[in-house]
Amino acid sequence: MYTLKFKENVCAACPSADCLLKCQYMSFAGHDEAHGEMMKIVRGEESRVLQDCATCYACEEYCKRGNHPFYLISERREEKGMFTAPRPITNQWINMTRMQGKYMVGQVKDKALSCCLIPDLGILGTGEIFRDVTPAAAFGAEFMCPAVHTHFARMSVVKERLPLVIENFQKLGAKEVICLHDECYGTFTAIASAYGIDVPFKPVYYMDFLLERMKELKDRIKPLGIKAAYQRPCSNRLIPDKYPLVKEILDLIGVELPDREYQGENCLCCGEILRSVSGYKLADDVQERNLNDMVQTGAEYCVFNCPACQSSLSEKVAKKNLKPVHIIDLCKMAIGEKEREVR
Amino acid sequence: MSDILKALIEIVGERGVSNTPEELWFYSRDPGVLTPHLPDYVVAPKTTEDVQKIVQLANREKIPIVPMGNGMSLAGLVIPLKGGIVLDMKRMDKILEVNQMARYAVVEGGTSQGVLKAYLQDHYPQLRHSIPDAPPTTTIAANMALHGQGRLTQQYGFNTDMVTGLEVVLPTGEICRIGSPSLGPYWFSKGPTLPDLSGLFLGWLGTTGVITKIGLRLYPNKKIRDVELFVTDRVDLIPDMLYRLTHLEILEDVNVWFQPKPLMFQDNFHITLYFTGDAEEEIAFKRKMIWDTLQPYMDSKDGGFMSVQYMKPMLMEMPQRGIADFADVPKGGGFEYSGPITIIEHYPQYAAKVVELAAKYDVLYASSARLISGGHCMMFSISFAFNRNDPAMMERVKHALDEATAFALEMGGIPWKPNFMEQKMTMAKMDKNALKLLQMIKKNLDPQGIMNPGNWEVN
Ligand SMILES: Cc1cc2nc3c(=O)[nH]c(=O)nc-3n(C[C@H](O)[C@H](O)[C@H](O)COP(=O)(O)OP(=O)(O)OC[C@H]3O[C@@H](n4cnc5c(N)ncnc54)[C@H](O)[C@@H]3O)c2cc1C
Ligand code: SF4
Ligand code: SF4
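Protein chains in written order, with the numbering used here: chain A, 1 to 343; chain B, 1 to 459.
Derived from the structure by calculation, the hints contain no laboratory data.
Accuracy of the hints is not assured; some may be wrong.
Claimed, not checked - Label pairs and their calculated CB-CB ranges: (1) A:P163 <-> B:P296: 31 to 41 Å; (2) A:N321 <-> B:P125: 18 to 28 Å; (3) A:G196 <-> B:D402: 36 to 46 Å; (4) A:P163 <-> B:P220: 51 to 61 Å; (5) B:K331 <-> A:R131: 30 to 40 Å; (6) A:Q296 <-> B:P313: 54 to 64 Å; (7) B:Y243 <-> A:S16: 46 to 56 Å; (8) A:R98 <-> B:L437: 49 to 59 Å; (9) A:D208 <-> B:P313: 43 to 53 Å; (10) B:K331 <-> A:R220: 21 to 31 Å.
Said to hold, decoys possible - Simulated pairs of lysine to aspartate or glutamate, EDC-like, Cα-Cα distance not exceeding 20 Å: (11) A:K102 <-> B:D299; (12) A:K316 <-> B:E14; (13) A:K281 <-> B:E281; (14) A:K320 <-> B:E280; (15) B:K288 <-> A:E212; (16) A:K319 <-> B:E281; (17) A:K80 <-> B:D299; (18) A:K316 <-> B:D328; (19) A:K281 <-> B:E282; (20) A:K202 <-> A:D219; (21) A:K175 <-> A:D219.
As the list claims (entries may be wrong) - Coverage of chain A stretches by chain B, computed from C-beta distances (three or more under 8 Å per stretch; other residues unrestricted): (22) 32-42; (23) 276-290.
The beta-carbon is built from N, C-alpha and C at its ideal position, and this holds for glycine as well.
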């Protein structure tokens with residue numbers, strides 16, 4: 001079984017303890033307390049963090065010293081037999097994402113288009129932008145990144161399934177796997193590297209792909225001339241270096257991203273996982289603050305990157321008179337492939 | 001042509017009668033596991049008077065009559081066990097009246113659930129009735145003849161508790177009005193404050209007369225309907241969860257279900273909670289009440305709310321078609337369920353029994369319970385799917401269902417829509433004087449024993 005590469009000495013000497021000091025769901029008196037709690041976790045001792053962490057992934061981004069505080073928290077929770085979400089919900093996720101041989105794969109040559117286990121991704125990955133890779137789509141539990149189980153503190157499932165998923169892509173002969181979900185790209189890069197799992201193909205982040213394609217299709221772009229608020233997903237915290245791509249893409253298609261409070265490192269979770277882990281009060285509060293903040297920017301659209309965020313927030317966003325749309329659909333709108341009013 | 005056929009044609013016209021083999025074949029069976037039996041005639045009356053004449057003829061000639069709606073009870077209740085006439089009521093499908101202020105409707109004895117639902121949606125969108133999850137072609141009167149339950153049963157009781165009056169053709173041919181319509185033009189009460197004679201027909205499986213008109217209560221159709229889905233793997237906690245939930249008195253319908261397939265449902269019990277409101281604030285408030293009530297189970301990690309986004313369209317369907325999809329899991333499209341009515345405290349024992357029976361008889365199970373009138377009791381369905389092309393599997397399902405009924409009786413439950421075998425098991429356990437009373441009523445109402453014979457038959 002793979003083990004987490006965690007540099008304990010780096011933690012011990014850490015002058016910032018930003019991982020916990022910046023946490024949006026717990027407060028600490030200052031460096032000493034936050035650092036002290038982190039060190040308890042490192043030593044495998046009890047810590048209130050193990051009880052209260054809302055599993056937002058953010059400390060993976062806050063730690064600038066190459067450590068993996070959130071994976072460690074998840075490891076420790078599992079070691080102690082703890083559950084973040086209720087046990088039946090945790091097991092439901094484990095069961096429903098089991099490999100059963102019910103997958104769909106197109107014609108994969110050098111490239112595969114990973115649709116994870118999310119049907120919406122299969123629809124998004126179509127049209128002119130994905131023309132060359134749509135036929136190489138792979139969908140099913142066999143190709144699903146298991147990162148979601150980190151929310152449920154079941155790293156054993158991640159470690160057991162990730163090598164199998166990698167092997168399944170390898171069997172397809174794919175040299176490049178274009179990931180339509182941040183979680184997949186984050187798993188093949190950040191999680192795999194944290195656990196020393198070898199990835200024998202090149203994971204490609206879909207926004208890199210999207211940016212390149214939109215540059216190629218530049219002549220067809222009619223700038224949309226709209227304002228949008230962006231909902232950054234938790235899994236983007238695993239790959240923070242990719243965050244600037246959103247602005248680059250939106251600039252290219254004439255979408256303005258006005259500044260707002262909950263952006264970048266300070267972005268808020270869509271609330272769905274919070275509902276399971278911490279209950280509705282926190283989830284409702286986070287969603288309400290997030291949506292009000294979007295409204296205040298004067299945005300007409302709420303742009304999503306993750307279909308799960310889109311599914312959990314679309315109805316609520318629409319009630320605030322914002323139009324929910326995935327960033328890929330916005331690009332399709334810009335090249336005239338899609339109507340403007342997208343739900 | 002036989003004299004009987006001629007007489008039937010005289011009553012309902014040629015298009016209303018058949019004794020052709022292909023038609024008799026269809027009317028000899030239902031979708032459940034019981035052995036088919038051929039009728040001699042199929043007759044489809046159009047009016048109460050038609051029904052009266054047919055019953056008088058059958059009474060004179062001592063021909064069995066089996067009233068039939070859509071034949072979807074799955075328990076063989078319209079299989080003509082002793083031949084005779086199957087009385088197909090589907091041509092008596094009119095909606096006779098809707099009294100908006102008094103919130104009731106009067107329909108004919110063959111009117112389907114779907115027809116009334118569509119009519120109310122079109123003409124009285126602020127009213128609704130208690131729709132069962134049976135196919136929309138099933139009939140309202142038949143549902144009352146077997147004490148059905150619907151979407152409003154958790155709030156208002158069995159569908160039969162919502163009846164507001166009856167018109168019945170007695171087995172001896174008299175047309176009889178029951179409740180307030182026996183005294184005047186209004187159909188607002190089936191019994192009170194008179195002695196409640198509706199009990200002579202409701203739940204009797206067509207063995208005491210033919211219902212030709214029925215009044216039923218309508219209820220406010222709220223603007224917003226929403227759903228939450230709570231899951232737990234602790235079956236022992238379910239009675240307590242339901243007790244707390246019903247204390248809220250805000251739930252329209254509560255279903256508790258479990259099934260081994262697909263994998264996402266494995267090892268968990270699911271509580272579907274429906275609630276309604278006229279404003280978003282009302283819905284938000286009710287949701288909070290529900291969440292708060294179940295918070296202790298979330299804190300102990302024993303249960304949690306599932307995201308319903310993807311399942312919502314299916315959960316919100318009325319009737320819910322997904323129930324029938326289960327029939328096709330083993331291929332061959334068959335399923336049958338036993339649905340004992342029991343106290344909620346016994347949920348864990350019943351749940352264990354389903355799994356035990358499925359393993360013993362090597363069949364696929366699913367179970368869904370519906371709470372009745374605020375948690376006083378529940379219908380606990382023990383469903384098994386089968387392949388119609390596999391007689392051995394059907395036989396195993398039959399045995400499993402018999403055993404389920406025996407278990408329910410042992411546990412002090414009441415079998416719901418029992419087939420003739422289960423009726424016998426029930427009568428064998430019934431208080432002897434109650435059984436005598438049942439027999440006395442039946443004998444007096446149906447001296448020739450022509451009404452759906454083989455059912456609720458003491459000897
Ligand atoms: C997928 C599925 C889901 C179901 N869900 C539900 C549910 O949620 N709730 C529920 O209650 N049931 C349910 N059922 C069971 C059943 O289908 C219903 O109870 C339905 O109402 C039966 O109607 P029917 O017209 O098919 O009855 P039939 O099978 O035709 O008749 C049932 C009984 O009523 C008698 N009868 C029929 N018409 C008359 C009449 N006019 N006068 C006197 N007696 C009469 C018959 O002789 C028979 O004994 C379900 C069935 C299926 C297949
Ligand atoms: S996890 Fe990172 S930020 Fe946190 S204490 Fe360790 S090194 Fe510092
Ligand atoms: S995952 Fe989020 S909630 Fe948990 S400790 Fe890290 S920053 Fe805090």
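**Message:** The hint says 30 to 40 Å between B:K331 and A:R131; measuring C-beta to C-beta, is that right?
**Reply:** This hint holds: roughly 39 Å between Cβ atoms.
**Asked** Would the pair A:K316 and B:D328 pass a check requiring their Cα atoms to be no farther apart than 20 Å?
**Response** Violated: A:K316 and B:D328 sit about 36 Å apart, past 20 Å.
**Request:** Take the C-alpha atoms of A:K202 and A:D219, compute the straight-line distance between them, and say whether it is at most 20 Å.
**Result:** Since the Cα atoms of A:K202 and A:D219 sit roughly 29 Å apart, the hinted pair is violated (cutoff 20 Å).
**Request:** Check, residue by residue, whether the segment 32-42 of chain A contains three or more positions whose beta-carbon lies closer than 8 Å to a beta-carbon of chain B, and give the verdict.
**Result:** violated (count 0)
**Restraint status (C-alpha distance of A:K281 to B:E281 at most 20 Å)** = 16 Å, holds
**Asked** For the pair supplied as a hint, A:K320 and B:E280, is the alpha-carbon distance within the 20 Å limit?
**Response** Holds, at roughly 13 Å.
**Prompt:** Given the hint that A:K102 pairs with B:D299, does the C-alpha gap stay at or below 20 Å?
**Reply:** 35 Å, violated
**Message:** Next pair to validate is A:K175 with A:D219; report whether the Cα-Cα distance is within 20 Å.
**Reply:** It is violated: about 30 Å lies between the C-alpha atoms, which goes past 20 Å.
**Prompt:** Taken at face value, is the distance from the CA of B:D299 to the CA of A:K80 at most 20 Å?
**Reply:** At roughly 17 Å apart (the allowed maximum being 20 Å), B:D299 and A:K80 satisfy the hint.
**Satisfaction of the hinted span 51 to 61 Å by the C-beta atoms belonging to A:P163 and B:P220** = Holds: the Cβ-Cβ distance is about 57 Å, inside 51 to 61 Å.
**Prompt:** Lying within 31 to 41 Å: is that true of the beta-carbon distance A:P163 to B:P296?
**Reply:** Check passed, 39 Å falls within 31 to 41 Å.
**Item:** Pair hint A:K281 and B:E282, alpha-carbon separation not exceeding 20 Å
**Value:** The given pair, whose Cα atoms are some 17 Å apart, holds under the 20 Å limit.
Checked against the numbered hints above, the structure breaks hints 3, 6, 9, 10, 11, 12, 15, 18, 20, 21, 22 and satisfies the rest.
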